[in-house]
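> Chains as they are written, first to last, in my numbering: chain Z, 1 to 108; chain X, 109 to 229.
Bear in mind the hints are in silico, worked out from the structure with no lab data behind them. Remember, it's a predicted structure, so these values are computed and weren't measured experimentally. All residues carry an ideal CB built from backbone N, CA and C; glycine is no exception. Keep in mind that a hint or two might mislead.
[Unchecked claim] Here are the computed lysine to aspartate or glutamate pairs in the DMTMM-like style, where the Cα-Cα straight-line distance is at most 25 Å:
| id | chain 1 | residue 1 | chain 2 | residue 2 |
| --- | --- | --- | --- | --- |
| 1 | Z | Lys-42 | Z | Asp-84 |
| 2 | Z | Lys-39 | X | Glu-154 |
| 3 | Z | Lys-45 | X | Glu-109 |
[Said to hold, decoys possible] Stretch-level coverage of chain X by chain Z, calculated; a stretch enters the list once three of its residues show a Cβ under 8 Å from a Cβ in chain Z:
| id | segment |
| --- | --- |
| 4 | 147-157 |
| 5 | 167-178 |
| 6 | 188-198 |
| 7 | 219-226 |
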Amino acid sequence: DIQMTQSPSTLSASVGDRVTITCRASQSISGWLAWYQQKPGKAPKLLISAASTLESGVPSRFSGSGSGSATEFTLTISSLQPDDVASYYCQHYSSYPPTFGGGTKVEI
Amino acid sequence: EVQLLESGGGLVQPGGSLRLSCEASGFTFSNYAMNWVRQAPGKGLEWVSVTYIGGRTTHYADSVKGRFTISRDNSKSTLYLQMDSLRADDTAVYYCAKEKGGYTLDDLDCWGQGTLVTVSS
């Protein structure tokens, strides 16, 4: 199974800060990586697919990078907003099982 | 509007069984693969199972293989998860989630609100 390692597990930043979350795969996933946002008590929401494609309606302050043979991927929030307080998860979907990273809790 | 509504969760004793349902609306259910993902209290997300468009192709996490069975009724736009031989570590919120595609592994672009399963004596 492919292991997905996220860091940091918790992140505290100020409004307006640039925030970066890293997700490392234990082997190549050919860019098949998604990022999800989960607000407290709510279901996850897809933010980014195929490592860097922003889903419709997702604010442009969110971006993803990493592709091809890369095993390291990042989710960046260019200017942190109060509404971004949530946990963020990466998930590969290159093979079964499509494992999730352990999550990153973002606080202000 | 795409909607997924789970039901069937509750309290069950270890070794017991439970069947979850997920009723879909707002899209052509038969054209998409459907998944179950769970989240233990205070923990991260764990992928559980997937069924593809015809229902014949399914995959399971090792942690539930042989105990859980995923199925779908395309005529009712409903996804199911039959859970047998339940253990305490199966306690979680169970989400159904729609894949973007129907034929190969893809990301999950719509999620239900979840249903809580508690396994305890």
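> Quick one: which hint numbers does this structure break? Sort them smallest to largest.
Number 6 only.
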